[in-house]
Amino acid sequence: MSEPRNPGMSSLHAVAPVQPSDSPCAVDIDPVEYTLRKRLPRKLPKRRNDVYVNMKTDFRAQLARCQKLLDGGSGHREICVHGLGLAINRAINIALQLQASSQGALQLAANTSTVELVDDLEPEDADEVAEPLTRTRNNSAIHIKVFYPDP
Amino acid sequence: MSAAKVKMRQKKLRNQPASVQCLSSSVHDESSPHPNAGVFARARAAEVSAMLRAVTKTTGSCHVFGALPRHMRRRAMSHNTKRLPCRLREMANRMREKCLQGGVKKKEQAKNKSRKARRRHGNMLLEFNRRQRKNVWLETHIWHAKRFHMVKKWGYCLGDRPTLKCYRPSYRAMSTHCLLQDLSYYCCLELQGEEDKLLDCLSQSMYCFSHSTGPTFAQRLCLSGQRQGSLVLYRAGQFPSQPLGSVTFLWRPRTPGSVHRHLWTWVHPTLKQDVLTEFQSVCQCQSVVPPHVPLVMDAKVVSTTDLEPKPERKHTPGTKRKQSEKDAGGPLAKKILGDGTRSPETPVTWKSSSTGILINDLTMEIVRYRLIGPQSHSVLTEALEAATDCDVRAPSCLWWPNHCKEESKMKLHQQQTDLFHTLKGVYSTAELPPGIVLGLTVDDPRLSIPPKRVKALSCVKEVGDEKRKELSLRGVPEHCCESFLWEQSVRNNVTENKISEQDLNRMRSEVLVPGSRLSPVPLQGRVPILLVHQPGKQVGHEMNSWGAGWDLLLPKGWGMAFWIPLVYRDVRIGGLKMSLTHSQNKGVPHFPHDYPDCPAGARFQGEQESELLEKFKRRPPAKRTNYIKHGCLAPFSCPWQQLAEEWDVIGSEGGIQAQSTSLGDIAMRAERTSHHQVPGTKQQTHFTVLRYLVFFMTICYVMFTLVPVALLNFIPIILFPRTRKSLRLLSSWCGPTSSQGQRSYCVREMPPLDHTAKKSFLASHGMSLVWVRLSLLLKGKPDLHAMVSVPTADDLKLLSRGGPGSSAPQEPPHRDHLKSTLKRGKKGTKKVASDTPSTSGQITTTSNDPQLSCPASDVVLGVWPNPLPSVTSHCSRVTLGWVTQADFSLSAGCGEALGFVSVTGLVHTLISQPLEHRGTVLLRNPMSLQYRFAKINIEV
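Residue numbers (this note's numbering), protein chains in the order written: chain P, 1 to 151; chain S, 1001 to 1940.
These are calculated hints, taken from the structure and not from any lab test. Every residue gets a Cβ at the ideal spot worked out from N, C-alpha and C, and that includes glycine. Treat the hints with care, as some may be off.
List time: in silico SDA-like cross-link candidates among lysine to any residue, alpha-carbon distance up to 20 Å [said to hold, decoys possible]:
{"id": "1", "chain 1": "S", "residue 1": "K1467", "chain 2": "S", "residue 2": "T1417"}
{"id": "2", "chain 1": "S", "residue 1": "K1467", "chain 2": "P", "residue 2": "R42"}
{"id": "3", "chain 1": "S", "residue 1": "K1467", "chain 2": "P", "residue 2": "T136"}
{"id": "4", "chain 1": "S", "residue 1": "K1335", "chain 2": "S", "residue 2": "S1500"}
{"id": "5", "chain 1": "S", "residue 1": "K1335", "chain 2": "S", "residue 2": "W1143"}
{"id": "6", "chain 1": "S", "residue 1": "K1469", "chain 2": "P", "residue 2": "P41"}
{"id": "7", "chain 1": "S", "residue 1": "K1469", "chain 2": "P", "residue 2": "T136"}
{"id": "8", "chain 1": "P", "residue 1": "K46", "chain 2": "S", "residue 2": "G1425"}
{"id": "9", "chain 1": "S", "residue 1": "K1467", "chain 2": "P", "residue 2": "E116"}
{"id": "10", "chain 1": "P", "residue 1": "K46", "chain 2": "S", "residue 2": "D1465"}
{"id": "11", "chain 1": "P", "residue 1": "K56", "chain 2": "S", "residue 2": "G1893"}
{"id": "12", "chain 1": "S", "residue 1": "K1424", "chain 2": "P", "residue 2": "P41"}
{"id": "13", "chain 1": "S", "residue 1": "K1469", "chain 2": "P", "residue 2": "T134"}
{"id": "14", "chain 1": "S", "residue 1": "K1469", "chain 2": "P", "residue 2": "V115"}
{"id": "15", "chain 1": "P", "residue 1": "K145", "chain 2": "P", "residue 2": "L108"}
{"id": "16", "chain 1": "S", "residue 1": "K1629", "chain 2": "S", "residue 2": "P1812"}
{"id": "17", "chain 1": "P", "residue 1": "K46", "chain 2": "S", "residue 2": "K1455"}
{"id": "18", "chain 1": "S", "residue 1": "K1617", "chain 2": "S", "residue 2": "Q1605"}
{"id": "19", "chain 1": "P", "residue 1": "K46", "chain 2": "S", "residue 2": "C1459"}
{"id": "20", "chain 1": "S", "residue 1": "K1469", "chain 2": "P", "residue 2": "D120"}
{"id": "21", "chain 1": "S", "residue 1": "K1759", "chain 2": "S", "residue 2": "L1729"}
{"id": "22", "chain 1": "S", "residue 1": "K1452", "chain 2": "S", "residue 2": "N1505"}
{"id": "23", "chain 1": "S", "residue 1": "K1469", "chain 2": "P", "residue 2": "N138"}
{"id": "24", "chain 1": "P", "residue 1": "K56", "chain 2": "S", "residue 2": "A1892"}
{"id": "25", "chain 1": "S", "residue 1": "K1467", "chain 2": "P", "residue 2": "R137"}
{"id": "26", "chain 1": "P", "residue 1": "K145", "chain 2": "P", "residue 2": "G72"}
{"id": "27", "chain 1": "S", "residue 1": "K1469", "chain 2": "S", "residue 2": "S1458"}
{"id": "28", "chain 1": "S", "residue 1": "K1424", "chain 2": "P", "residue 2": "R42"}
{"id": "29", "chain 1": "S", "residue 1": "K1452", "chain 2": "S", "residue 2": "S1516"}
{"id": "30", "chain 1": "S", "residue 1": "K1452", "chain 2": "S", "residue 2": "G1515"}
{"id": "31", "chain 1": "P", "residue 1": "K46", "chain 2": "S", "residue 2": "L1457"}
{"id": "32", "chain 1": "S", "residue 1": "K1469", "chain 2": "P", "residue 2": "R37"}
{"id": "33", "chain 1": "S", "residue 1": "K1455", "chain 2": "S", "residue 2": "R1172"}
{"id": "34", "chain 1": "P", "residue 1": "K46", "chain 2": "S", "residue 2": "S1458"}
{"id": "35", "chain 1": "S", "residue 1": "K1467", "chain 2": "P", "residue 2": "D120"}
{"id": "36", "chain 1": "S", "residue 1": "K1577", "chain 2": "S", "residue 2": "D1783"}
Per label pair, the in silico range of CB-to-CB distance [said to hold, decoys possible]:
{"id": "37", "chain 1": "P", "residue 1": "P149", "chain 2": "S", "residue 2": "C1459", "range": "29 to 37 Å"}
{"id": "38", "chain 1": "P", "residue 1": "N138", "chain 2": "S", "residue 2": "A1145", "range": "46 to 54 Å"}
{"id": "39", "chain 1": "P", "residue 1": "N138", "chain 2": "S", "residue 2": "L1915", "range": "34 to 42 Å"}
{"id": "40", "chain 1": "S", "residue 1": "R1619", "chain 2": "P", "residue 2": "R137", "range": "56 to 64 Å"}
Just chain P, same shape as in the assembly (with noise of 0.2 Å):
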């Protein structure tokens, strides 16, 4: 996602639907009555050769991206291929494609993090005595580096 092109990350939408009984709000949340909107993920700034994955664009496109990246006239050292939720799994997939194609010049490095995310929770309808809530939920990411190692 180092194009900001698509903000909305797609690959929340992939996480499991509304979970009332999580919330920390404590209020009872009853999913017929409020309308889920997710608010976008915070993201850190990103250099050039940050690569944020997601579900939407075809995973092939993303993989050149990396590798254009990394052997293009830009000439990266190294780049950081960050996904979040169900976008983890292609993350890990890109950064091994990325290492069994250069014939093991390339070297990862891991790190996992939790990243909070907010929900915007909507009355469903006009007239009911509802109230729109905020709350917060936690998702997995992971931050894999991948770099040449130094001679």
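Mind docking chain S on chain P? Use the hints.
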């Protein structure tokens, strides 16, 4: 162009004797069977003499070389008469002298002021003031006029699109950085009064604010002034039927210990009069409060009064006498701030004696800028700086030093400043809760203009992590939403005491180190502002939060002072066209384009139709598109009412018929029956557009049932609360709500589409239209007013056989009955006229089609004349609806269109389609015969 042609023709015929034509016609009119020889001869003689007179007189152009054949003319002849043949030379000399004399005379007559004089400041100001008497100029008008194609719309001069080619860069700015727009033309109506009474007045309809349930959080958010709300207004007590249009509103936060509240309603200028009268009737505000005619000239600050007389003293008697004379003669021209078109006596305030509510028309009193894009907060934080406090002991007539003396106000200012600094730590504008409001007082931004354009980028600092989290979860606390922009006295004070650009530059030039920042900040340089967050895309699953941004509200007079510093942060500037693109990418209906059921929307449609028709007529007839041949009934405006009615008939027919018959047959049959019915008793039910709220806030009390903002328009005749459910149902029936074969997300189980579900659904929403998004499956770029049609079973087979790459069907060309009838009629009349001139005007009698019997003056070749035939069954594919916004979508990478389709038609279509092709429709541009496959999405 045509006016010039007419002028030219008149000039040519100036010397022609008019009698030539008159005579001939008068002879024609005499329709006696036996021509009298004497009369005939006299007429001929008069004609001959007229012709002789005409031949001897020179026509239009008085150039002598008109007498020469073309190959003997030379370019230089006009000024060097020696190049002419001898016989013409003398005449040419005479002519030339005459011309020269005439030229001199003309020049004397039309002598204008010299350019220098015209460009002198005072004269320029007078000229500008004269030019903005008719249409209101925004404060950024001059800036825009130099860079934009300007249009006169809704009583304003507005920038339509930049003269630069920057469609794509502007889109990129919206999705990655920031796009700036001047939205000051939106009108602000202020309601003041006690909270209970305001709410009471605004809830005189079905959906009233019930006091028994007590204020809830939802209402509290908007009511407390923490969020901006937005809704669709309906006329009082008319909830589902008479919408007025969409507005946004903002409450002023409560002041402790007072029930007096302020409510700002921001409306589009086309809507203003409707809303204002509605407000007046609902609040019973009829008595006019006379406006202050003499402008309240606040006591000028000491420094400015010092500065005022200076320029006058500078006048040295010799050089600028003219100007000083003029100054002495008339009153000094003053720059118009606010609305220059209305006279100062026009009432702007209305008061109610019974309820004590005050309505204030704040049009052009508040400047509103919109920043769109994920980086708009960093542009704001770079361009603005929170006001520095000052300690002046002496009482001042400026507002800020007085405020600085009060402890509580300073504390509030400190908190607001902290919040504003927290904004710097936010990565993207979309992270914030939608619609939050932040009040602030800032320094004059002109003081911190960078010497060069620099790109404002966010600098994410981990310092205020807790604060940032708090901001993105809870929003701005209530007391921090307060701004002194709400106070009229403060607004006036700030506007009156603005430092002029000239003084500021002088002060800058006196700074010791050139280019350094002015310090201390001059006392006048504190401005109260309001920042209002605008939520991005909230419907659908793709491009979430795209196009979020901030609105910046300023007191009038400060427009340019804030505009230039913002521009220097390397933002793109957009015009009206860009706001259309913005709402299109957001998938929301744009006001007034996409509100055909509102009076303002209907008016807009009429204007658009005449505009497009004029444009069409300007083309040479042979080069015009023949819309009749293309089978396009309504290329310029969409007959929604007719569509809804026809589908209603088809729906009721279809219910009776066996399900196996194709829709086309039903449509044909329904058309026939409806033709029979038309003169009979058909109850007039107006079509409705289903509006549906999507936003966070829900205050249903506001007068004419303010139904909270509607992103999706789904107008139920029955109960409103069910609309969202029915919309969601419809959306699930349309298949996955995603374009371009992306993964589908099915969150909840929905009842499948079958005949019982259909029947119950249509019982409630039969006459409704629904707002849909269409994304093309393959290539093609949809145009305005493209038709949405139902594919036949064969078309779907075509689609499945060749995959998405298969070719879409084509419409067989239609016959232009109108043209052939007209031709026949013309021929007929000619023949008839030669035989017996008495029976002319046979066109109407010869044409057997009643539709063609309309007066010939209305007929434009290639466009259907007005009573349209059945719109649904006109083409080989049944029409579902039309498109109102269409373009190639840069975000989706395919052609996308937004428009309305009939709910009845949609449900009938869906039920007849196999499951794998559910929601596939055909789209055809008005100027083409080629259909394109498109996927229909209803975004909830």
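> So which hints don't hold here, by number, going up?
Replying inline: As far as the earlier hints go, not one is violated by this structure.
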